[in-house]
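K.L.:
Quick note, the sequences are listed as chains R and B, same order. Following our numbering, the numbering of the first sequence begins with 11 at its first residue and continues without gaps. Following our numbering, the numbering of the second sequence begins with -9 at its first residue and continues without gaps.
Incorrect hints may have been included.
Some chain B residues flagged as far from chain R (calculated, every beta-carbon gap over 12 Å) [said to hold, decoys possible]:
(1) Gln(-6)
(2) Ala5
(3) Asp78
(4) Trp183
(5) Gln233
Output of the computed footprint for chain B on chain R, the stretches with three or more beta carbons under 8 Å from beta carbons of chain B [what the hints assert, rightly or not]:
(6) 19 to 33
(7) 46 to 54
If you're looking for bench data, these hints aren't it; they were derived computationally from the structure. Where a beta carbon is used, it is the ideal one built from N, C-alpha and C, also for glycine.
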Amino acid sequence: MEFRNPQESLEQFRQRLTVAGGIVLVAFAVLLARFVWLQIVQYDYFTTRAEENRITLVPVTPNRGLIVDRNGKVLARNYAGFTLEITPSRVPNLELTIDELAEVLEIQPKDRKRFKKLREENKNFESIPIRTRLSDEEVARFIARRYRFPGVEVKARLFRQYPEGEFASHLLGYIGRLSERDEVKVEEAGFTANYRGTEHFGKAGLEQRYEFELHGTSGFEQVEVNAGGHAVRTLASTAPTPGNNLTLTVDAELQKIAEQAFGARRGALVAIDPSTGGILALVSMPTYDPNLFVDGIDTQSWMDLNESDQKPMINRALNSANPPGSTFKPFMALAALTYGKRTPNQAIADGGGFNFGGHFFRDDKKGGHGSVDMYKSIVVSCNTYYYTLANDMGIDNISRFMGDIGLGKRTGVDIDGESEGVLPSQEWKKKRFKRPEQQKWYAGETISIGIGQGYNAYTPIQLALATATLANNGVMFKPHLVNYITDARSGERKMIEPQPIKAISWKQEHVDVIKNAMVGVIKEGTGARAFAGATYSAGGKTGTAQVFSLKGADVKTAHLDEKFRDHALFIAFAPAEKPKIALAVLVENAGFGAQSAAPIARQVIDYHLLGKRPNAPAPTDEEAEDSLP
Amino acid sequence: MIRQLWARFIDPIDASLMTITGLLALLALGMMASASPERMNTQLLNISVALAAMWVLANIPPQRLMQLALPIYLLGVFLLIATALFGDIAKGARRWLDLGFIRVQPSELLKLGMPMLLAWYFDKRETLLRPVDWFLAVILLVVPVGLIMRQPDLGTSLLVLSSGCYVIFFAGLPWKVIFGLLAASIAALPLAWGLLHDYQRDRVLTMLDPEKDPLGKGFHIIQSTIAIGSGGLFGKGWGNGTQTQLDFLPERHTDFIFAVFGEEFGLFGNIVLLVLYTMLIARGLMIAANGATVFARLLAGAITLIFFTYAFVNMGMVSGILPVVGVPLPLVSYGGTALVTLFCAIGMLMSIQNNRLLVQK
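Start from the sequences and build out the full structure, keeping to the hints where you can.
P.N.:
Structure (structure tokens):
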């Protein structure tokens, strides 16, 4: 064993350090040589390439997918148009240039405003539109004077267009210019590269929900550019793949008939095919024109839409939660049968109301309806029957049953932003209120829940889903608007299969009792006038949602100031034997359900079953009588 | 009183190392402000944590570091084995280990753990080194490197391998063996080629001819060489690099930040950067030369060359003369883990300098 000499090994170590230092210097010299080669010798070449870079790798935005209705009618499409665009970094005096451009073609103050706004949102070297939708003549005029405007170009672009204008806007939604918040969504979805050239993004409705289906895959073009900045030829290109097309379950004609049936009234209608959950029509009135949003809406139109007391931007079908009024009664009756609280023949004596804890809950008919069994309670919409029933059932049973048929829950329809509504229950009250005395559920509160008033608040789509589930004997399908998605490349269809959410175990005989009573409503009850002469059998129920409480006052709501008038409601399914359509209608501030909502449902069902077209908006039946809760 | 405390506080800090490191960190912040301003705050936080780690290590004497060498190494290897068995898969590689409360990348531990262990190993060998001693050292080196390579993480495994090789080199591996090994590895290149993953082969091929796939695999390297080349002598100016600002440069705040530097500050800026790294390495080698023990000397030498490896490989790959492997620009690239590791290394150098040979032999 020989020990090392420390002195010797230190010497050797220092030698090695010197060698290492030498290697480092040589390696860095190699790097330096590389830098000199890139940055001095090849400088011109790389400068050109960097310069070209801005122009040469042009992403080609794919055509957005189309949206068509179940019969192939186009509801959202694209068309080619020209825009006039400015690249601010290439223009020395922006204001002057725009002034000079205004001499060549029309530039309105709102164009300037929009340009200014877009400039703030974009970088200087990006091309920003100053005018959109140029006419052929305008293009020709500009091209002839192009030499005067370096940095200004005419570009061919595809525009989104909703050919039907103010039609079905709440279900279609719209696209608008891609915002920073949208970019975050794109990044989260991992599509940043694919959106490099994309300027628009779905903001509402189906356009929003199916954005990534509709968008398609971007292509790229390598373009050779001459000294003047104009494209000379394309060197290489990868073609974009257009977005996938959506085919809806919606029948555009039915949708149109439903919208027209509303006339000038506000409200919503949702019609569902009970056996699939496919939505046949989804109406929210009034509508708006989605075309306004495509190029960035101008401030004035935006204010008009938002500040209108008609509130056209609200999708009432999904977001207007109201007490269901008497449309609640068939479901209450079914709950009573299911939980064994009533038999169909068991009758009560209605003497004009129900006394509970010193408070008298009135019936709408003075003196009452006399002897009332389950059938009659639905047909004449007897409140007293349901006051006592609610009291016997208790809030826990009611909320369990109603929760089961989807009331007070998001239905999961394929549009974002659906409201939940309110399914009253003890837990709900505990969560909703802060003070202990308010958190407690009082038995008296259950009484008005029984006739669909009180805390109850459901959206039209929830009522439609509940009606469809009843029509379908307890089998609930997820409501959806898209029937299938067609792959743009392969033409393959991706079907949105009807998804049964659940099958509620009701006794068929119980369901039949309720359906039969609802058919009675149409034949001889509160819906009879609206459906007079119908050649099919339908089931329905009218309802009135209290907007404003009239304590003790005995007034006909029709004479009240309009905004205090009750909302009219109607639910229906037809044909009664094998329902092909189930729907819910809401007409705001229209008084009785029978007056206003039922005639709209009649027109919709007439068209769906018989192909019969109405020649005017649905009439208001001023004579109609209905249960005032 | 406060002055005394301050004096105690800065006592373990080596002024020249601190100055060079500080300048690099400032450059890094400047670059970050241009390439990715939204990450400024995080980077500042990273630097603060890293500085604290550096200070702590500067206060640990080399003898104590030596005691830690074996435990750190064993822990590292243990965690690597655990990662291979239970690690999370991200981007097709099994590199992360979830310990329940924290996710760790064990290979990071070995970047400094490896040279520490080998320096300890050679410090313990007081006799003349026999072939079997060298062979054992190689085994100690190859085990973790193999594990990291299998993850697969070619970049880190090469870094760990090189740090170990530096120790062996400084420990005095005979020249004829070194040249023999070099010749053998050149001969074995075709064999190594067969062992590489497809994506690793792609990277090498891409380096040789990036234009073959300009929009795909070649995109990174084409865009970064364009960025550097178009920077010219003095660059386009801070915040004005079109490649950077127009999003042509991928990963411009991490591995490719050097391209931002080259584009905005030009050849002049690159030379400043090279000079800073040269000064850092020169200072490190000086510290190594005056190390008090075999352990201190070998560790300081190897650590110093780690900085060289990072800088050379990163600048080489970004400027297109080396294949793309995930190696950051030392002390400049964004990313907390690498920054902390490198500042720890600086701290170790300071500690060795504080315990240097006082009498020149």
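K.L.:
Just double-check B:Trp183 for me: nearest Cβ-Cβ distance to chain R has to come out over 12 Å.
P.N.:
It holds; B:Trp183 is separated from chain R by about 23 Å at its closest Cβ, greater than 12 Å.
K.L.:
Should the label of B:Asp78 as a non-interface residue stand, given a Cβ cut-off of 12 Å to chain R?
P.N.:
holds, 18 Å
K.L.:
Compute the least Cβ-Cβ separation between B:Gln(-6) and chain R, then decide whether it is above 12 Å.
P.N.:
holds, 37 Å
K.L.:
In terms of beta carbon proximity below 8 Å, does the segment 19 to 33 of chain R have 3 or more residues touching chain B?
P.N.:
It holds: at least three residues are needed, and the segment 19 to 33 of chain R offers 9 whose Cβ sits within less than 8 Å of chain B.
K.L.:
Closer than 8 Å Cβ to Cβ for three or more residues is the test here. Does the segment 46 to 54 of chain R pass it with chain B?
P.N.:
Coverage by chain B holds here, the residue count being 6 at a Cβ distance below 8 Å.
K.L.:
Compute the least Cβ-Cβ separation between B:Gln233 and chain R, then decide whether it is above 12 Å.
P.N.:
violated, 6 Å
K.L.:
Check the non-interface label on B:Ala5: least C-beta distance to chain R beyond 12 Å or not.
P.N.:
Non-interface label on B:Ala5 holds, nearest chain R Cβ at 21 Å vs cutoff 12 Å.
In the structure shown, a violation is registered for the earlier hint numbered 5 alone.
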